[in-house]
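Participant: Residue numbers for the sequence shown follow our numbering, beginning at 51 and rising by one.
Don't take each hint at face value.
Calculated pairs, DSS-like style, for lysine-lysine (alpha carbon to alpha carbon, straight line, at most 27 angstroms) [stated by the list, open to error]:
(1) Lys-183 / Lys-112
(2) Lys-132 / Lys-183
(3) Lys-132 / Lys-81
(4) Lys-183 / Lys-81
(5) Lys-112 / Lys-132
FYI, nobody ran anything at the bench for these hints, they're computed from the structure.
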Amino acid sequence: MNQAQEIQIQTVIQRPVAEVWTYWTEPEHIKAWNAASDDWHTTEATNDVQAGGRFSSHMAAKDGSVGFDFSGVYLEVILYEKLAYTIDDGRHVTILFTANGDETEVVETFEAESMNPPEMQQAGWQAILDRFKAYAEQQ
Numbered sequence: 051m052n053q054a055q056e057i058q059i060q061t062v063i064q065r066p067v068a069e070v071w072t073y074w075t076e077p078e079h080i081k082a083w084n085a086a087s088d089d090w091h092t093t094e095a096t097n098d099v100q101a102g103g104r105f106s107s108h109m110a111a112k113d114g115s116v117g118f119d120f121s122g123v124y125l126e127v128i129l130y131e132k133l134a135y136t137i138d139d140g141r142h143v144t145i146l147f148t149a150n151g152d153e154t155e156v157v158e159t160f161e162a163e164s165m166n167p168p169e170m171q172q173a174g175w176q177a178i179l180d181r182f183k184a185y186a187e188q189q
């Protein structure tokens, strides 16, 4: 059995960790930032932020040509510090939030899927994280 390649992305957000956590976890905020580019958007989001809780979102092209669901189950939740979950396709994701005064470092580590090149996946996930940073810093 092959072990999935892990990919890591990160950013530093000029906001305190409690605010960053809220923007990351509350569905109304998720719908505002969760897209890799301006021609995509998240039309639905639910998030039960607790171990065993489920999350889901639907991301779609704004022209309606294509869309997909992203969902899974939380394995571990440590308030303001860590989210670990399994995506419904079986891949694992860990997100660490590190407070440093009024800044928060966010580091996401995820298992690559086998359909697309790892570089493409890293670029896509980083684009979403960059949009999150921009959104959080504008609030």
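Participant: All the hints need checking, so say for each whether the structure fits it.
Facilitator: Comparing the hints with the structure gives:
{"no.": "1", "hint": "Lys-183 / Lys-112", "in the structure": "holds (21 angstroms)"}
{"no.": "2", "hint": "Lys-132 / Lys-183", "in the structure": "holds (17 angstroms)"}
{"no.": "3", "hint": "Lys-132 / Lys-81", "in the structure": "holds (21 angstroms)"}
{"no.": "4", "hint": "Lys-183 / Lys-81", "in the structure": "holds (14 angstroms)"}
{"no.": "5", "hint": "Lys-112 / Lys-132", "in the structure": "violated (31 angstroms)"}
The structure shown violates just one earlier hint, number 5.
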